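K.L.:
Here the protein sequences line up with chains A and V, keeping their order. Sequential numbering of the first sequence, starting at 1, is according to the numbering used here. Sequential numbering of the second sequence, starting at 1, is according to the numbering used here.
Quick caveat, the hints were computed from the structure, so don't treat them as lab data. This one's a predicted model, so the numbers in the text were calculated from it and none came from an experiment. Incorrect hints may appear among the rest.
[Unchecked claim] Estimated spans, in silico, between C-beta atoms of each pair:
no.	chain 1	residue 1	chain 2	residue 2	range
1	V	G165	A	R59	22 to 32 angstroms
2	A	G43	V	L41	21 to 31 angstroms
3	V	L54	A	S130	35 to 45 angstroms
4	V	G176	A	A30	13 to 23 angstroms
5	A	S221	V	A194	53 to 63 angstroms
6	V	A43	A	L25	36 to 46 angstroms
7	V	T7	A	R20	51 to 61 angstroms
8	V	A193	A	A22	50 to 60 angstroms
9	A	R20	V	V177	31 to 41 angstroms
[Unchecked claim] Pulled a few chain V residues facing chain A out of the computed Cβ check, cut under 8 angstroms:
no.	residue
10	A44
11	V99
12	W101
13	F115
14	L123
15	R127
16	F130
17	L134
18	L150
19	L151
20	P153
21	D160
22	F178
All C-beta atoms, glycine included, are put in the ideal place defined by N, C-alpha and C.
Residue strings, one per chain:
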Amino acid sequence: MTTSTAQAAPIETTAARLRRGAPALLLLVALAVASLLSGSIDGLRLASPDRSHGDQLRRAIGDLPSGALVLIAFDADLGTYAEIRATTRVAIADLAAHGARLSIVSFTPEGRAIAAAEIDRANRAGTGESLADLGFVAGAEAGLVRSVESIVPSAARGSTIDAIRERGGGIGAFDMVLIVSGSDISARSWVEQVGTRLPKLPLVAIAPTFLDPELEPYLRSGQLTALLATLREGVAYARAVSVGPESGPGRSVGPLPMLVGMLGALGVLAETAFRRLGRRGRRPPGRRAPS
Amino acid sequence: MRRSILTGVVLVTGLLVLLDLMIVNPSLHGAAGAVNELLVLLAAAAAVGGGATLAAHHARTLAAGDGDSTASIVLLVGMASMLVAGLRPGSSGSSDPAVLWLVAALLAPIAASLFALLFVFLLAAIRRGFALRLRETSLMAGAVAVVIVLLLPIGGQAGDWLAAGAGWVRDVPLAGVFRGLLIGTGILVAVSAARSLVGLDPDDD
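Could you build all of it, start to finish, from the sequences and the hints given here?
P.N.:
Shown next, in the form of structure tokens:
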């Protein structure tokens with residue numbers, strides 16, 4: 001092997017790697033640019049045209065008495081929280097804007113990690129004082145059942161904590177529960193374990209789309225008072241809610257990056273399918289496809 | 001004998017919890033609460049046991065010098081950092097500022113970045129799928145393409161039609177299949193629970 005051939009081989013390998021990685025890189029750059037340009041763009045709409053789900057949640061929050069105690073059950077998954085993050089933050093800001101006294105609890109370790117990140121964010125924004133942190137309750141659904149009677153950690157202090165203790169110290173002390181659902185403990189667990197024990201407690205839920213087929217029947221039966229289970233319903237709710245700038249729910253999801261990602265995905269699917277089918281069409285009869 | 005004890009325990013605890021749901025009785029409620037406390041302790045013990053086993057496995061990997069030692073070191077250092085932050089004297093546990101910082105500044109962004117890459121990896125997986133199993137992948141990719149088109153964030157009348165189509169797909173075929181699966185699973189669980197309660201196993205068939 002000559003020296004020039006030996007030098008050319010690594011260059012060719014690098015070029016081949018770059019060619020393979022180029023589409024993914026281009027897509028990521030396009031998504032980043034679309035995110036920066038995102039805003040109100042004519043002809044694009046991410047919010048669901050059906051406002052009924054968002055209206056149900058707004059009505060449930062609007063019906064709360066002044067200074068209501070609201071429990072936020074934070075049990076989202078790290079994998080799907082991105083889909084409901086903006087909606088969750090808007091709902092929390094909406095509750096705070098209605099004067100609700102908020103408490104956060106988690107029954108899953110992942111949910112606690114996300115709740116901790118949200119509490120840290122609220123502390124940095126200066127709104128964390130209004131959140132009473134009830135921490136993590138071990139035992140999954142057994143812990144949920146136990147919390148019906150006692151949910152406040154013995155070391156917890158504060159005016160909201162005192163108010164919960166005065167009303168019995170369990171989940172029944174709250175006027176409403178906002179369930180931020182994940183796959184391990186979802187709104188279904190709440191309906192089964194808490195709804196049967198406290199049938200008058202309003203349960204509202206925010207869930208990623210994959211949970212929608214499971215949760216929609218509970219909404220129709222009235223066991224859930226409100227449910228936002230798709231990104232588009234969440235965006236419609238966020239648009240409908242006017243929250244003051246001090247609550248800082250963060251940037252909402254824009255339609256342009258969604259469109260770019262979707263068109264990118266469709267392009268990749270179409271290109272791969274047509275190339276593969278084209279190869280198959282050119283193959284001589286009787287010859288098998290290479291694995 | 002062992003099966004009889006297990007069946008007896010399942011029968012007593014199951015009936016206790018069911019009766020507590022149906023009958024208001026302080027003694028019954030106390031007994032059901034005690035069973036629930038035991039369950040909570042069991043779940044916590046399982047979690048601690050799982051964590052200890054994981055740490056022991058990676059410590060062994062490091063000591064033996066085989067496997068991915070970098071990953072083992074990262075995992076053990078991560079576990080140790082979180083334990084020290086949450087359990088050191090004066091710490092307020094999972095609400096401690098150090099724990100909140102570790103989670104908010106490291107864990108949550110790293111996990112979010114990994115899951116965001118799923119978009120690219122899924123597309124790459126579908127490309128590979130076409131090379132390996134053309135028919136099945138074509139079917140899956142076709143369904144994916146239809147759902148993506150229905151969810152395109154377009155405004156106006158066309159957007160309303162697409163949104164209505166997406167709603168129909170979610171509410172009728174998808175929800176129908178999902179509920180069918182749930183009902184089927186529920187019946188199977190009920191049957192196997194009943195068999196377990198009366199002490200039947202496959203050998204009795």
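K.L.:
Next step is simple, just say for each hint if it's right about the structure.
P.N.:
We went through each hint and held it up to the structure:
1. As the Cβ distance of V:G165 to A:R59 is approximately 28 angstroms, the hint placing it in 22 to 32 angstroms holds.
2. In this structure the supplied range 21 to 31 angstroms is violated for A:G43 paired with V:L41, their Cβ-Cβ distance being about 58 angstroms.
3. Remark: the range hint 35 to 45 angstroms for V:L54 to A:S130 is upheld by a beta-carbon distance near 37 angstroms.
4. Range check, V:G176 to A:A30: Cβ separation about 37 angstroms, and the 13 to 23 angstroms hint is violated.
5. For the pair A:S221 and V:A194, the beta carbons lie near 25 angstroms from each other, so the given range of 53 to 63 angstroms is not met.
6. Under the hint 36 to 46 angstroms, the C-beta atoms of V:A43 and A:L25, about 44 angstroms apart, fit the expected range.
7. Taking the beta carbon of each, V:T7 and A:R20 are about 58 angstroms apart, inside 51 to 61 angstroms as hinted.
8. At about 55 angstroms, the CB distance of V:A193 to A:A22 agrees with the hint of 50 to 60 angstroms.
9. One distance hint, 31 to 41 angstroms for the beta-carbon pair A:R20 and V:V177, holds here, with the actual separation near 37 angstroms.
10. At its closest, the beta carbon of V:A44 sits 4 angstroms from a beta carbon of chain A; the interface hint therefore holds under the 8 angstroms criterion.
11. Against a cut-off of 8 angstroms between C-beta atoms, the interface hint on V:V99 holds, since the closest Cβ of chain A lies about 7 angstroms away.
12. Evaluation of the V:W101 hint against chain A yields a held restraint, the C-beta minimum of about 7 angstroms falling below 8 angstroms.
13. The beta carbon of V:F115 comes within 5 angstroms of a beta carbon in chain A, closer than 8 angstroms, and the hint placing it at the interface holds.
14. For V:L123, the interface hint holds, the least distance from its beta-carbon to any beta-carbon of chain A being 5 angstroms, beneath 8 angstroms.
15. Among the interface hints, the one on V:R127 holds; its C-beta lies about 5 angstroms from the nearest C-beta in chain A, closer than the 8 angstroms criterion.
16. Interface hint status for V:F130: upheld, as the beta-carbon distance to the closest one in chain A is roughly 5 angstroms, under 8 angstroms.
17. For the restraint placing V:L134 at the interface with chain A, the shortest Cβ-Cβ distance is roughly 6 angstroms, inside the 8 angstroms limit, so the hint holds.
18. A least Cβ separation of about 10 angstroms between V:L150 and chain A goes past the 8 angstroms threshold, and the interface hint is therefore violated.
19. Residue-level restraint check for V:L151 holds (minimum Cβ-Cβ distance to chain A is 7 angstroms; threshold 8 angstroms).
20. Because the beta carbon of V:P153 sits about 4 angstroms from the nearest beta carbon in chain A, less than 8 angstroms, this interface hint is met.
21. For the restraint placing V:D160 at the interface with chain A, the shortest Cβ-Cβ distance is roughly 5 angstroms, inside the 8 angstroms limit, so the hint holds.
22. Among the interface hints, the one on V:F178 holds; its C-beta lies about 4 angstroms from the nearest C-beta in chain A, closer than the 8 angstroms criterion.
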